[in-house]
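Residue numbers (the working numbering), protein chains in the order written: chain A, 1 to 315; chain Y, 1001 to 1320.
None of these hints come from the bench; they were simulated from the model. There may be inaccurate statements among the hints.
[Claimed, not checked] Computed footprint of chain A on chain Y, listed as stretches where at least three residues anywhere in the stretch have a Cβ under 8 Å from a Cβ of chain A:
1) 1118–1130
2) 1166–1174
[To be verified] Quick list of the computed label-pair ranges, beta carbon to beta carbon:
3) Phe1272/Y <-> Leu313/A: 19 to 27 Å
4) Ser314/A <-> Thr1180/Y: 28 to 36 Å
5) Gly1257/Y <-> Ser314/A: 50 to 58 Å
6) Leu41/A <-> Asp1046/Y: 26 to 34 Å
7) Val187/A <-> Ala1291/Y: 55 to 63 Å
8) Arg248/A <-> Trp1273/Y: 32 to 40 Å
9) Ser314/A <-> Glu1177/Y: 23 to 31 Å
Using N, Cα and C, we set each Cβ at its ideal position, and we do this for glycine too.
Chain residues, written in single-letter form:
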Amino acid sequence: MTPAEADQRARLVHWHAEMMRLRAFEEAVAEAHAAGELPGLLHLSMGGEAVAIGIFDCLEDHDRVFSSHRPHSHFLAGGVDPRLVMAELAGRQSGLCHGRAGTMHLMSDRVVMATGIVGGTLPVALGYAMTRSQPAVVACFFGDGAVQTGAFHESMNLAALWKAPVLFVCENNGWAEFSSRDQHTTVGNVVRYGELYGIPAQEVDGSDPEAVRRAAAELLEPVRAGAGPALLECHIARLRSHYEGDWREQTSEGDPLLAVERRLSELGVHDEEINEVRAALLADARALCRSVLAGDDVPDPDDDAALVFASPLST
Amino acid sequence: MHQIQAARAALADFMADDPSVVVLGEDVRAGGPFSLTKGLSERFGDDRVRDTPICELAFTGAAVGMALGGAKPFIDLMFNDFITAASDQLFNNAAKLHFMSGGRYAVPLTVWSIAGAGTRWGAHHSQHLEGWLTQVPGLKVLAPSSPSMVAASVRAALTDPDPVIVVADRTLLYSREPLTGDDGSPWSSRVVQAGDTVTLATSGRLTHMALAVTAELDLSVEIVDLQRLAPLDVSVILRSLSRTSRLVLAHDEAVCGGLLASIQRQVYEQGFWLLDGPIVTVSSPATPIPAAAALEDAYMIDERDLIAALRSVVDEQVAA
């Protein structure tokens, strides 16, 4: 094995472990939700792990990220403490947002916000980007369902016009809620909008973290240099139904973990090693969920009124 | 100074003191339709006075993002009616992010918007939508009625860490009329005319109309200029009722739902025993605002409506 191959192998092993960590979190969440222990309208990010890992690998500490309604992997890959995310999902005072947000509206310092309104973070991300100093950038995740909203087109136009330093990352899983993409639009691929708005754009296999990282790194170079936004379309699978508990099994093929595992196998990484790590990560995630549910305090409704405003007025 | 000049001067002074203020909106470099932002781009540069395409949703969302990122955006949303196009970002993000983030983020956003009929401009450039705005916890709404208070509202909104919508009355944009209590706070209602028989609470052009009509009436009317519409505070109305015990509410809105219903609810809950009889409201019919002059004139509240309401509340309640 050449040094370059050894490097690639080590990187892929690390990424794969990270992807398994994100997956294990979602699996533990899905189990607890199915058992009636975790509340909420959950849209899990299973299938998008390679995109989250590949994008964050290109980002610096000063960069900021905006997320979608499938936000858990973005927050975990962005370095947010899984305990804070789990406690938020569980509706506990110890949660990332003290139980006032829930799954679709997570907010943190680095991954600024998720949204329950499809397309709702696109304009916010570009405005936020206008307050950053070079070479800091903003990355904004959204699904292909958001591409049909007015918010997407207004935001592409405005970001291009203002040369906002944003990398728009479309996670195209082929589904928009309960309909396939071709039932929502006559436009083939999202990447085509790049040319229309004069935005550099690429499309990649979103099950390949190396491909995502390479494309994002290429696109980010001019964004960091002040040339304006870029668009990356990542084709991914939706491994779960639209939301947890939905009776329709509208999923698609292409588990990114299996794709990376095939590559790892070629590089001589044995299944036993992987399975051992996977089992440990799943055990950790389940233990985290149990611990939060058993031990963390619920928020006090008496505190809600004072949270409505940063500066409450007398009434 | 008239109200637009007062707003512009307050905004310019604030921008000179605070480099984090950024103005956004359609044609703001050219001054906007009512010359609110005239001269600001020449003085402060194009980076701080940003023209936007006609995309209220995206530029309102962008302003929310700028606020999260440390700027103090001031957006000229032009007409109240255009809030409909911006409403997802106003209602779901600007209003909620402080709460939903558990207090991590604030959204110091100022929205300037004018409202009011009487121009024959029809149902898309004439509405008062304060009733909607007051239904969304997390938004603050100011409705100033004099040039000094317009300036004070702009300063208050830019100083405040929360989203504040300043609703200026279309009819008063070029008015220079001062009101009693112009040196007070825009955050609380004010008594612009003392009286002891009936309280009339209103805002904008109707505050001025109330002053004019009551000067000719043999009734002692206390006029409350509401000023702060959200979050609602009826304490000044209640104090006035403790003297007058009769209440008329007037607002340029359709009679369905609305601001006056919210005020009535609070007054009935907090001040029922101060009242000698039912609250009487003056508003417009539950129709879209018509364009034809004869129809729009009939739609709008006028002097006779105010007088009739004042008379009815006194006559009926005295007779009873």
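Results for each hint:
Coverage of the region 1118–1130 of chain Y by chain A is violated. Counting CB-CB distances below 8 Å, 0 residues qualify, and the rule asks for three or more. Counting residues of the region 1166–1174 of chain Y whose C-beta lies closer than 8 Å to any C-beta of chain A gives 0; at least three are required, and the coverage claim is violated. The hint said 19 to 27 Å for the Cβ distance between Phe1272/Y and Leu313/A, and at roughly 24 Å that hint holds. The supplied range of 28 to 36 Å is broken by Ser314/A and Thr1180/Y, whose beta-carbon atoms lie about 22 Å from each other.
Between Gly1257/Y and Ser314/A the Cβ separation comes to about 26 Å, which falls outside the hinted range of 50 to 58 Å. Between Leu41/A and Asp1046/Y the C-beta distance comes to about 43 Å, which lies outside the given range of 26 to 34 Å. As the Cβ distance of Val187/A to Ala1291/Y is approximately 38 Å, the hint placing it in 55 to 63 Å is violated. Between Arg248/A and Trp1273/Y the Cβ separation comes to about 57 Å, which falls outside the hinted range of 32 to 40 Å.
The given range of 23 to 31 Å is respected by Ser314/A and Glu1177/Y, whose C-beta atoms sit roughly 28 Å from each other.
Of the numbered hints stated above, those contradicted by the structure are hints 1, 2, 4, 5, 6, 7 and 8, listed in ascending order.
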